[in-house]
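Participant: For the protein sequence lines, the chains are A and B, in the order given. One point on numbering: in my numbering, the residue at position 198 of the first sequence is 729, and numbering is uninterrupted. One point on numbering: in my numbering, the residue at position 381 of the second sequence is 912, and numbering is uninterrupted.
If you are wondering where the hints come from, they were derived from the structure by calculation, not from laboratory data. Note that the structure is a prediction, hence the values are computed from the model and not measured. Check before you lean on any hint, since a few could be wrong.
One copy or any two copies: either way a pair holds, since identical chains are not told apart in the list.
[Unchecked claim] Straight-line C-alpha distance at most 30 Å; calculated DSSO-like pairs for lysine-lysine:
#1 Lys952 - Lys918
#2 Lys557 - Lys1109
#3 Lys557 - Lys775
#4 Lys952 - Lys927
#5 Lys606 - Lys801
#6 Lys775 - Lys606
#7 Lys775 - Lys564
#8 Lys801 - Lys834
#9 Lys606 - Lys557
#10 Lys889 - Lys557
#11 Lys599 - Lys898
#12 Lys1076 - Lys936
#13 Lys775 - Lys834
#14 Lys775 - Lys801
#15 Lys1065 - Lys936
#16 Lys599 - Lys775
#17 Lys889 - Lys775
#18 Lys1109 - Lys918
#19 Lys927 - Lys977
2 protein chains.
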Amino acid sequence: MSERTKPVNVSLEEVSFAVDCAAGRKAGTLLFKNARVLNVFTQSIDESNVLIAGRMIAGIGDYQQADKVIDLQGKYLAPGLIDGHIHIESSLVTPAAYAAGVLPRGVTGIVCDPHEIANVAGVAGIRWLLEQSEGLPFDVWVTVPSCVPSTPLETSGARLGLAEMNALLQQPRVVGVAEIMSFPAVIAGDSENLSKALLAESFRKSPEGHAPGVSGKNLQAYLASGIASDHESTTIGEGLEKLKAGVFLMVREGSVTRNLEALLPLIEPKHGDRIGFVTDDRLPHDLLREGGVDTLVRTAIQKGVDPVYAVRCASYNTAKHYRLPRRGAIAPGYIADLAVIDDLQSYHAVTIFKEGQKVAEHSQLTKRPDVRHVNSSPVLNTVKLPKLSTASFAIKATEKARCIKAIHYQVLTEEILVTPKLERGLIIADTEHDFLKLVCIERYGKTNNVGLGLVHGFALQAGALASTVGHDHHNLLAVGVNDDDLLLACQHLEKLGGGLVAVKDGQILADVPLPIGGLIADEPLESMRDKLDKLETAATELGNKLPAPFMTLSFLGLAVIPELRLTDMGLVDVMQSKLVSIEVLEGRK
Amino acid sequence: MSERTKPVNVSLEEVSFAVDCAAGRKAGTLLFKNARVLNVFTQSIDESNVLIAGRMIAGIGDYQQADKVIDLQGKYLAPGLIDGHIHIESSLVTPAAYAAGVLPRGVTGIVCDPHEIANVAGVAGIRWLLEQSEGLPFDVWVTVPSCVPSTPLETSGARLGLAEMNALLQQPRVVGVAEIMSFPAVIAGDSENLSKALLAESFRKSPEGHAPGVSGKNLQAYLASGIASDHESTTIGEGLEKLKAGVFLMVREGSVTRNLEALLPLIEPKHGDRIGFVTDDRLPHDLLREGGVDTLVRTAIQKGVDPVYAVRCASYNTAKHYRLPRRGAIAPGYIADLAVIDDLQSYHAVTIFKEGQKVAEHSQLTKRPDVRHVNSSPVLNTVKLPKLSTASFAIKATEKARCIKAIHYQVLTEEILVTPKLERGLIIADTEHDFLKLVCIERYGKTNNVGLGLVHGFALQAGALASTVGHDHHNLLAVGVNDDDLLLACQHLEKLGGGLVAVKDGQILADVPLPIGGLIADEPLESMRDKLDKLETAATELGNKLPAPFMTLSFLGLAVIPELRLTDMGLVDVMQSKLVSIEVLEGRK
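Take these sequences, add in the hints, and give me the full structure.
Facilitator: Below, the structure written as structure tokens:
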């Protein structure tokens, strides 16, 4: 690995140069005059000049000379924003393409949990991410996925144990152990999960959390493990309980899960360093239209949060939480990641500097980040389906059946009990009542499992949708009204090496190839957005009523969030952490 | 070294037990009912029950059962206080004796800079401290001294280079690189000092600062190095400038240097995690009468600072700054270091628990911390003087002479130009104008240096005072009105293996033996206080007018704080970092 070619931190030569510039012995490389500096330490806006020395901020004060001088004429200078928790795979693009999308908005770094690519390709997937993000004008910090696989109730492409996690934690760009999602196991005192939290601490790194709806004694038990954060709060009550219990409260505004407005009253300066902003999962549409973590800053300001504090939640607070070296503030010795903002209310970034170099202006990159040519073979050709026929999708008739109810804009699902439509001793899709067939096919050539169930909410009237993005195991998930189209959709994705597809009456209406791990394509966000638009139009043509049908589909296999899910092993009752049959016996749930 | 016998952090077994207790599956070991919990995260006081599981806090909430239940009846429960920067050697006692002194006041940990013992005995001195503090019911965290010796203008007992510092930074209880005092060198871009700061960062540990009066471009240059803190601010202006520049502002209230009142307006919740409380140097008197870092909490509250915020500055903020594992708050997963407080205004601690065990009650230890029997030989017999006679103290006559002016309650000195009293071609002490003789004798058997100068401020009319505590090199410093008494004082200290002494007309009036490194005695604080009292009475008998003559004497050799100092090499002009002669030529300073 060439992971250390660019220092994560600064070199002695760089520091010496910055000290020389700050002391006035050498001219800096760049000088911002007449800036209004957002000071995240004193929560103030300071009028001053800011001197840059190479990648670093040399000093703030009465500096007058540098190789290049930019008079900001009273514009604001803000630290580059850092997203405290994202799964970059949800953007469907590589780190370079992600950076290209958010850099012009003033986002200069992310803390990635490469949970998806790790579930597909294990350590090789994480190393691919580290290599792909090496040398970008964009910080990609990594937390080591802690739940690969997420549960024993699914087949994943790889497993990450303590030994693999230990090896990855040696990397300087790895800053923690990612969200320990198996909260029931942690609360139950499972020693493997507790060991993962302790492992992070032994590196002076952070064990991150994920505890949706967990409260009372269960929350205390979860946190007694040492887990330090959570990004799953959806109400003020939940957020405040977690803050009080010592949680670093990550306020999330993803594409599907949007919690900023509900948690807004908690975002106040008195909570100081205890709140961070994160996006978790964002689709190309939202990244391009709304932005990345800058969305939270902008929205918070518009809803009345003090602008400097809003910026602090997406810069200093996150940097401090993870102890990101020299990031998150405008101060001597810090890396010169800066955004020139002309209007604080709309948080409109005019010009962006990454490590002292201009990288974007007027919403456009000044130079597209180089895509590194690294060996991608460990993450290619990952879709290996069992031999399928329509018979693979047969569900035996039953009078009452469990059905997953998808909820708009929520990752949560509900379990509903339905009377399924039957035909020749089998359950078939019921388009009238919107009980569609849902399948989850193991796609790593390991077990040939096919999980079968019903789902309510898509309202398809024809065809099928399928995806190799299927949290967290990323087996192939498909929803459809007939077995022929389901089969075609699955076979098409195998041919693509992964992706998303909409099928109708034996025809491919639209697809989005995702050849990297079945999760990611090596294309710009704009092209992914356009392809997704076509795909969603196709889904609408099939009758879909969900706002983001493919994201919703991708979460239907997520066996760690209540209530009912489908993995390749079958239906999972999440609260009970066990497989359940589709059939419900009379008088019992 | 047995440094790892007690885990710095928690073990898997301990965490499992705490999770079991928090979840309600097992009874805790201790339950506090009806507590008013100081919550440093939300800056609130929460009425609740707190369950302890062994060394850990299991949970806060509706817990009812434990092996032992204590009904606090509405008393406050505060996190144990942590002193963010102290030189334990200034207390003149061992870690066990220091702990015995401050534990009853609710102080449960300190971050030590063993700079003094390191200057005397190097790595062996630091290892002695780590061993002496092992297994105490008191946290002793260590920062690696960065300036041993402090300057090239003195002879120290040992040198610590990058290799030694690197080895010490491997220790889990070592949490940073201690105050980089050579600020002129840092500002000048000296690569060894910059490398020391970077070394801390490479361990994800903290490079600490010391920049008295440094401001403007010099301050920016100092901080461009990456240095993270400072505890030398004496005015609001200085403190605010440093806060704005990203400094973790340590507010200090030592025995001599007292900055809390001056910095009080900066101690406000809006500065959140950016302020910490420290004592730096405290004598036994002040530790016993006022306390350790609890003094700052108490005084801040009495001066109007929000009590929870005052506590936060001496707990969470310091723990977060150094990333002390699971310390500094009352929350699930944290170490159960707790103080029961009956009156928040006076911050009066009734009962103290360290790691879940009661250690003090009603200002008394319930059990005196065991003094470990470790091999102290590397720190014994450290005083090796050159062969001395009264001739060693002869200063050639000059018309105008530089004289150090000691300032009450300040580490700072001034340079004054005086007309010395002459006798037989030599300068002698002038008791009428209070220009006394000051000597600094190399005491490690290395160079036989004797530095000579004049000092104003002690006002002795007879005899001499001498000390083997002499910052930072800890050579022997003595002040006196005649050479015979100076000689006797020095010879007596050599006999004691180090210590403090007052001599009059050929008689020892009082002494304080400090056989450990010439800095420390293996006795309780109370006994040291009593001996010091006798010593100060003796100093008063000699005519001394300074409030803490031996502390002032010990700082007269500190060649890193302006303006004029005396080391074994001679007089040092600190701002110019060079040796100067006592003689001042006409028309020039």
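Participant: Against this structure, judge whether each hint is valid.
Facilitator: Hint by hint, here is what the structure shows:
1. Lys952 - Lys918: For Lys952 and Lys918, the Cα distance is within 30 Å only inside one copy (27 Å; across copies 107 Å).
2. Lys557 - Lys1109: For Lys557 and Lys1109, the Cα distance is within 30 Å only across copies (25 Å; inside one copy 66 Å).
3. Lys557 - Lys775: Between copies, since 23 Å is at most 30 Å while 48 Å is not.
4. Lys952 - Lys927: within (11 Å within a copy, 113 Å between copies)
5. Lys606 - Lys801: Both: 27 Å inside a chain and 25 Å across chains, each within 30 Å.
6. Lys775 - Lys606: Result: close only across copies, 19 Å inter versus 37 Å intra.
7. Lys775 - Lys564: between (42 Å within a copy, 18 Å between copies)
8. Lys801 - Lys834: both (17 Å within a copy, 20 Å between copies)
9. Lys606 - Lys557: within (26 Å within a copy, 59 Å between copies)
10. Lys889 - Lys557: Close inside one copy (21 Å), not across copies (58 Å); limit 30 Å.
11. Lys599 - Lys898: within (19 Å within a copy, 66 Å between copies)
12. Lys1076 - Lys936: within (13 Å within a copy, 84 Å between copies)
13. Lys775 - Lys834: both (24 Å within a copy, 27 Å between copies)
14. Lys775 - Lys801: For Lys775 and Lys801, the Cα distance is within 30 Å both inside one copy (13 Å) and across copies (18 Å).
15. Lys1065 - Lys936: within (25 Å within a copy, 83 Å between copies)
16. Lys599 - Lys775: between (48 Å within a copy, 25 Å between copies)
17. Lys889 - Lys775: So Lys889 and Lys775 pass the 30 Å test across copies only (25 Å; inside, 41 Å).
18. Lys1109 - Lys918: Answer is within: at 27 Å inside a copy they meet the 30 Å cutoff, but 84 Å across does not.
19. Lys927 - Lys977: Answer is within: at 25 Å inside a copy they meet the 30 Å cutoff, but 93 Å across does not.
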